[in-house]
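Visitor: Sequence:
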Amino acid sequence: MHLKTDGDRIAAIRFSGRGCAISQASASMMTEKVKGMRLEEALQFAEEFRQMMRGEKPFPPEGELEDLDALRGVREFPVRIKCATLAWDVLQRSLAKLLAKKTDGGEQE
Numbered sequence: 035m036h037l038k039t040d041g042d043r044i045a046a047i048r049f050s051g052r053g054c055a056i057s058q059a060s061a062s063m064m065t066e067k068v069k070g071m072r073l074e075e076a077l078q079f080a081e082e083f084r085q086m087m088r089g090e091k092p093f094p095p096e097g098e099l100e101d102l103d104a105l106r107g108v109r110e111f112p113v114r115i116k117c118a119t120l121a122w123d124v125l126q127r128s129l130a131k132l133l134a135k136k137t138d139g140g141e142q143e
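Using our numbering, the first residue of the sequence shown is number 35, and each one after it goes up by one.
To be clear, the hints were calculated from the coordinates, so they are not data collected in a lab.
It cannot be assumed that every hint is accurate.
Unchecked claim - Subject to a maximum C-alpha distance of 25 Å in a straight line, what follows is the list of computed DSS-like cross-link-like pairs (lysine-lysine):
(1) Lys136 with Lys69
(2) Lys136 with Lys67
(3) Lys69 with Lys91
(4) Lys67 with Lys38
Could you put together the complete structure from these sequences and hints?
Guide: Printed below as a string of structure tokens:
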């Protein structure tokens, strides 16, 4: 994950890696969705998306998630949920580390 911030917002984000079509598509959609979000907002959204994929939280009405709506059907295949959430896990860990650094007074990326 390559993440560039502009203050408290995600200015640019890229994900490079190999995996199945679901993991690659989810990573691509994730980068589009969170670009421009505040760091805390993106961290919260990533957790909510993971909860939706695991069935712990309902999906919003069709259309609200835009391209991410395409991943709704993955939930019916439990073995593939990890594929759809892999990039989101990496995003959460990356944002948590970045926010911890910012909280500790170091504004490094």
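Visitor: All hints, please: hold or fail.
Guide: Do the hints match the structure? See the list:
Proposed proximity of Lys136 and Lys69 is supported: the alpha carbons are some 19 Å apart, at most 25 Å. Pair hint Lys136 plus Lys67 holds up; C-alpha atoms about 23 Å apart against a cutoff of 25 Å. A hinted pair counts as satisfied when its Cα atoms are at most 25 Å apart, and Lys69 with Lys91 qualifies at roughly 23 Å. For the hint linking Lys67 to Lys38, the alpha-carbon distance of about 15 Å falls within 25 Å, and the restraint holds.
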